[in-house]
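Full structure from sequences and hints, please.
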Amino acid sequence: MAFTLRQLQFFVAVAEQGSVTRAAQNLSISQSSITEAIKELESDLGVALFDRHPRGLHITHNGHQFLRHATKILAGVQDARRSFAHAPETGTGKLNLGVTSLVAGYVLSDLLARYRRAFPSVDVSAIEDNGSYLEHLLVGGELDVAVMVISNLRDRMALQAEIIETSPYRLWLPLGHRLVSADIISISDVAQEPLIMLTVDEIEENTGKLLTALGARPHVAFRTRSVEAVRSLVATGAGIALLPDLVYRPWSLEGDRIESRDVSGALPVVQVGMVWRKGSSLPQSARDFIGVVETLRSSRGRS
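Be aware that the sequence shown starts at 37, since it is given in our numbering, and climbs by one per residue.
If you're looking for bench data, these hints aren't it; they were derived computationally from the structure.
Values in this document were obtained by computation on a predicted structure and should not be read as measured data.
Please note that a few of the clues may not be correct.
[As the list claims (entries may be wrong)] Across the chosen pairs, the derived CB separations fall in these ranges:
hint: 1; residue 1: HIS89; residue 2: THR272; range: 21 to 27 Å
hint: 2; residue 1: ALA140; residue 2: ARG42; range: 30 to 36 Å
hint: 3; residue 1: ARG259; residue 2: LEU289; range: 40 to 46 Å
hint: 4; residue 1: ALA162; residue 2: ARG42; range: 47 to 53 Å
Note that the Cβ used here is the ideal one computed from N, Cα and C, for glycine as well.
Rendered as structure tokens:
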């Protein structure tokens, strides 16, 4: 029996929430319905999508691979439905986009793919740079819209921002690390470990401020601008990392497992959003891009 869209929706919900209970609450259905759907999906695919253990579920390597396909299928279905909800779009023109490096591969790629499908005739030009320079280009009118980390947006008088998603910081650990089995992990526990520091956007600044506020000087074992390098270093035991959940993936490029855990206390969050100049007469292409993002955000809120 071929798998159904409902099974895919349940699988994606459990993978994103990391728990059948939380997925059932978000979808407003029974846990047994989700459990049965996942079992049927695994039977149809012939692979285990999750490892079951007393503390919950861990997505398997096969599950992680299938998650990419499932999200693409569901996104395609949503785009197909939306194409019949409105009159055909004939948008043309040019869209000048900016993006910060942290969100380029984790947020913008999906938004841009959706926008291109809806408005294939628009010429899109995108530039990647740090947040302060993108703000300068927006204020100067050289960019229409930027997708960037907005938690520390500097020029709020001149710029308008709209949140796309909020991502909490979590702790990344190698398999078998002593903190993996801890019931509660505190910042003081983190401060005792060698830290792999990601030096893009505001990540290094936030992590350093957090540890300094507790009187702990972080033992930074390695600094890098590459998220994939962080994954590999953590997975092989070179250190641990505090990073926003939006960039977490459970496997390194080498196929090593990376665990993710909550840390007690008031950790910062990363807000990713759209930014444009206040009072500017945005071109239709930019207004359409903002509309595509708002539609996606509202659909996620209902799921």
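Status of each hint after checking the structure:
no., hint, verdict
1, HIS89 / THR272: 21 to 27 Å, "holds (23 Å)"
2, ALA140 / ARG42: 30 to 36 Å, "holds (33 Å)"
3, ARG259 / LEU289: 40 to 46 Å, "violated (19 Å)"
4, ALA162 / ARG42: 47 to 53 Å, "violated (35 Å)"
Violated hints, in rising order: 3 and 4; the structure is consistent with all others.
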